[in-house]
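Enquirer: Letter by letter, the chains look like this.
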Amino acid sequence: MEALFASAVGAMTAAGVYLLLQARTFPVVVGISFLSYAVNLFLFATGRLVNGAPPVIDAGAAVYADPLPQALVLTAIVISFAMTAILVVLALRGFLESGDDQVAAGRLGSDGKGEGP
Amino acid sequence: MLLSAIVILPFAAALLIPVIARAGAGASLCLGGLSTVMALVALLAQAPLVFQDGLVVERHAWVPKAGLDLAFFVDPLGLLMAGLILVIGLLVMIYARFYFGPKEAFGRFMARLALFQGSMLGIVIADNLLLLVIFWEMTSLSSFLLIGYWSHRADSRRGARNALVITSAGGLALLASALLIGHVAGTFQLTTILGQPDVVAQSALYLPILILVLFGCFTKSAQLPFQFWLPGAMAAPTPVSAYLHSATMVKAGLFLMARLWPILAGSEAWFLIVTTVGLLTMVVGAWIAIFKTDLKAILAYSTVSHLGMIAMLLGLGTKLAAVAAIFHLLNHALFKAALFLSAGIVEHETGTRDINRLGGLWRAMPITATLSTLAALAMAGVPLLNGFLSKEMMLEAAVHADYLGVAWLVPLLATVGSAFSVLYAFRFVGRVFFMGSGRPPGELAHDPGPGLWLPVACLIIPVVAIGVMPGLVAQDLVAQAGSAIIGEDPPVFELAIWHGWTQAFQLTLVAMVAGLLGLWVLRWLERLHAGLWHPSGEQIFGKLLDAGSCVVAWLTGRLQNGSLQFYLAVFCLTGLALGITAFWGGDLSAGTRPLMPLSPLGIIGWLVVLAASGFAVVAHQNRLLALIAAGLAGLMVALAFVAFSAPDLALTQLSVEVVTVVLLLLALNYLPKTTPRLRPLRRFGVNAPIALLAGAGVGAALYALLRRDVNSISAFYTAMALPAGGGANVVNVILVDFRGYDTLGEITVLAIAALVIYSLLQSALRGAAARRLTEWPSSAQAGDSHPLLLVVLTRLLLPMALLVGLYIFLRGHQAPGGGFIAGLIVGIALILQYMASGYAWASRRLPTDYHGLVAVGVLVALLTGSVAMLVGRPFLTGGFMHLHLPYLGSIELASATAFDLGVFLTVVGVVLLVLAGLSRMARLAEPSGETGPLTIALDRGENQPHRRTEDVGHAPIFGSSFARDAADPTAKEPD
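Line by line, the protein sequences give chains G and U.
Numbering follows full-length UniProt numbering, in which position 100 of the first sequence is assigned residue number 100; successive positions increment by one, without gaps.
Numbering follows full-length UniProt numbering, in which position 236 of the second sequence is assigned residue number 236; successive positions increment by one, without gaps.
Just chain G, with the same shape it has in the complex:
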């Protein structure tokens, strides 16, 4: 089971990174989603995989899953939603302002000097 879990996380990472490197905004957002899944699962798995032992105190239970990574990941899921939302709205706003959804701006490069003396 561990191998399946790890390879699934790896697959989602690969898909996320690949989409992240695209030139348009929307694939980047979808890529971020994939990457978030992978990262959250990774964090969650640092508590190791346990079957049927939720961290809810119960007189009959002898073993509990690690609650700490779960608490971390719970907030991470909500925050990654907020970050996705910011990205999407930025992408949307950028497209509406410029009519273009490329992620590469024109070169700011050499004439982008600071203020002269």
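Hints should not be assumed to be uniformly reliable.
[Said to hold, decoys possible] A short, non-exhaustive set of chain G residues, derived as facing chain U with CB atoms under 7 Å:
(1) Ser7
(2) Met12
(3) Thr13
(4) Val30
(5) Leu43
(6) Pro55
(7) Ala59
(8) Tyr64
(9) Val78
[To be verified] Calculated from the model, a selection of chain U residues having no Cβ within reach of chain G, i.e. all distances over 10 Å:
(10) Leu16
(11) Leu130
(12) Ser267
(13) Gly430
(14) Gln506
(15) Trp520
(16) Gly537
(17) Leu649
(18) Ser866
(19) Pro874
(20) Ala898
(21) Val914
[What the hints assert, rightly or not] Simulated DEER-style distance windows between Cβ atoms:
(22) Ala3/G x Pro208/U: 50 to 58 Å
(23) Met83/G x Ser151/U: 37 to 45 Å
(24) Ala53/G x Leu625/U: 32 to 40 Å
(25) Thr46/G x Tyr807/U: 26 to 34 Å
(26) Thr592/U x Met83/G: 24 to 32 Å
(27) Phe566/U x Ala59/G: 54 to 62 Å
(28) Pro672/U x Thr46/G: 37 to 45 Å
(29) Arg593/U x Leu90/G: 37 to 45 Å
Hints were generated in silico from the structure; no laboratory data involved.
Think of the CB as a built atom: it goes at the ideal place given N, C-alpha and C, for glycine as much as any other residue.
Go by the hints and put chain U onto chain G.
Expert: Same frame as chain G, but now just chain U:
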């Protein structure tokens, strides 16, 4: 308490003055003056004790682990310096009140001046090297603010910038030296360090320490080659120049050299560096001062020259020279402040500082002329004034100096410097007050009111008093301050006007005569000077800065080329490189943790994830398909959480997934639906290997992790959840109780994100974005924008969903659920109304200022946490109790529930703020969206015309009569 009060008072004034500045310049002056007088009283109250014991100390711990204490001490040297800072500060404040016109923001000036005053006092009485460095940096900053006071002037800004760059570079060096000294001495306490001078002097780090300290001091005290910032700083208002850039701040470097004299002076390196730099600065500064025509420039270069002279005296390393240094420091502060203030009066009255346009002012301004002349004669070193005494002492010290076996070099250069100073001092008063016959600028000039000349007179009194009765006025103070520098009793010396026909007196005479002869041949000297090469330190520095910013601009242009793709590729590659490095250097053995058996459902989930990931990559050009693939993967993630004992996470993931997909769908509505293929092969060739490597790396790392056993602190939380947190759901107890602080931070992040989105969407309703939206082609719409089934179902579901949300919220502490999940569920239930019935319909029935809801949520969490502080427990300490109620059974009241309520409200607010905001944008693009379907006739009867327009609005879908009929049955239901 008295010592810290000396420092705190000016800072308090700096804080309060802006508050009362509206009450007028007088109020600001009163406050600043009052704090200065009180600090002076506190200082003088220590004086008897200081002269008796040599030292008064006060210590408060601040950051003990870093060795940083709020420690102050006053010895005679500190007393002298602090006295100068306070007295001259008071005079400058009074002067400034009358110097500035009524339109100037005097309160702002006073606040900055008070800030500077406090910092400067901190330097001279700090008993902790780190504290001293902090105050040192604060003088650099406040000096920057004061030089740039007239921020509309380019020269002010340039002068302020140069001063800041130079002096704070020195400050960094000083910090480094303080750390080194602390390392060597084992303490940052100055009194202890000074008490064991050999520890530093004989350490292997002596030379680095020396060079760093001197770099800091030379930059601050404008020694060559850093002298140019000081004339540049003359763009400041004249009271600032008088106070900071002649009397006090530039003395900070010399003060520190004097302070550290016992541990640093006496070595060959100290002598060579300090004496050489001091001598050169003295001669070069004086030479330049001769040829300047701007009054303040003359005084600035003369200040540079005098600072060089004092540095040279400290560098000589003999005890007498050290005494001479502190004596001249005192004298120079007095007469130079007086001269600056006089120059300010001249400019104030005539409107110019150019000595070529001035002349013969003594008739029009007798008082100013008298005071200036006395100060200038003191600067020239004329007998019966204080400058004569310290200059003679300087020459006496110089006579005994032996520079690398050359006995005549130091006396010669010292005499040359003195002669130059005689020359520029006489030229200064001569050209302004006596020569010429009062050309145009002088015609209307007259002596100013006493507000301007009295402060000058107050400075001249000690100049004359010390000059006439040195033994009575200055002998004890100078002897005590001298012994404080040296660390033991000073050599026997006597301040007197006549010491006999000594070598020093002869050299004084030579300098005086040479200076007067120089006046005779001034025209010839000016021609000589014009023919010489004179490099401008300011220009060279400016070129260096320009070159630096060119390099930086080039580098930034290379790295920050504006392409997100490039950045992310660099990011991923860096991550890969780090991972590969760790891989090769790490333990590659297989883990020992037993594997879990395969389950059929697990295999199916795995296949779905793989398929979804692959599909998203292959089909990403079709954005809708990519989104569906992502949603599918998200659902599988939720299932994985179910399978591996994380019910809370599964619930959260599921609801977040819904919200995210809705969000992306809404956004996709106004984005291109497909991604065009751009240079696919080249991109693919780069991106695919990166992605595959990243995926393989993460997968391998995770597998390795899962095969190893874990040893974490989690058992503690599991064990303590029920007894200490009162909840059975450990995850929720961790979130709202054990790690409540983290959660508070996280909902704050959420709130900030929501505000960012709110402002981005709000401002999109104007400008180019709004135009593009209104012109949005409405062809791509569904045939039915408000499907009847969806509308009816969502309205039916709303109360149930709210109830489920409430249930999930309340049980969260004991069973899977809690504020986050409940917030998401309620958010979804409400957002469905927007989706199904349109923004206009929903926003009329729901509160629309969700940013207020977000704020309330964060505040509730914050207040819950603060309640604990009221009862004397740390912030966010939880408490709980069980209530037994009839019929309802046992109900647990936990502070954590209130905290969770804050989380809940924030999450609801965030979800609605984002999604409702997005659907609000749709109104611009789809005017038909203004009206909802199945309009409930809330306003039937009293507002008939309004309803009619609504009905017409969705006519294309249902036809108005049908809509009205259809509306009726549901009208009673949801509201």
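Enquirer: Now tell me, hint by hint, if it's right for this structure.
Expert: Results for each hint:
1. Ser7: Status holds, d = 5 Å.
2. Met12: Nearest chain U Cβ about 5 Å off; hint holds.
3. Thr13: Because about 4 Å separates Thr13/G from the closest Cβ in chain U, which is inside the 7 Å limit, the hint holds.
4. Val30: Cβ of Val30/G sits 5 Å from chain U, so the hint holds.
5. Leu43: violated, 10 Å
6. Pro55: Constraint on Pro55/G satisfied, holds at 4 Å.
7. Ala59: violated, 10 Å
8. Tyr64: Result: holds, 5 Å to nearest chain U Cβ.
9. Val78: holds, 6 Å
10. Leu16: holds, 34 Å
11. Leu130: Non-interface label stands for Leu130/U: nearest chain G Cβ at 32 Å, farther than 10 Å.
12. Ser267: holds, 39 Å
13. Gly430: holds, 36 Å
14. Gln506: At about 48 Å from chain G, Gln506/U clears the 10 Å cut-off, so the statement holds.
15. Trp520: Holds, since 40 Å exceeds 10 Å.
16. Gly537: holds, 14 Å
17. Leu649: violated, 6 Å
18. Ser866: holds, 21 Å
19. Pro874: holds, 20 Å
20. Ala898: The assertion about Ala898/U holds, with a minimum of 18 Å to chain G.
21. Val914: Val914/U not clear of chain G: closest Cβ-Cβ about 5 Å, inside 10 Å.
22. Ala3/G x Pro208/U: 50 to 58 Å: Given range 50 to 58 Å: holds, Cβ gap about 56 Å.
23. Met83/G x Ser151/U: 37 to 45 Å: holds, 39 Å
24. Ala53/G x Leu625/U: 32 to 40 Å: Because 38 Å falls inside the window, the suggested range holds.
25. Thr46/G x Tyr807/U: 26 to 34 Å: holds, 31 Å
26. Thr592/U x Met83/G: 24 to 32 Å: violated, 37 Å
27. Phe566/U x Ala59/G: 54 to 62 Å: holds, 58 Å
28. Pro672/U x Thr46/G: 37 to 45 Å: Holds - the Cβ-Cβ distance for Pro672/U and Thr46/G, about 39 Å, lies within 37 to 45 Å.
29. Arg593/U x Leu90/G: 37 to 45 Å: Given range 37 to 45 Å: holds, Cβ gap about 42 Å.
Of the numbered hints listed earlier, those contradicted by the structure are 5, 7, 17, 21 and 26.
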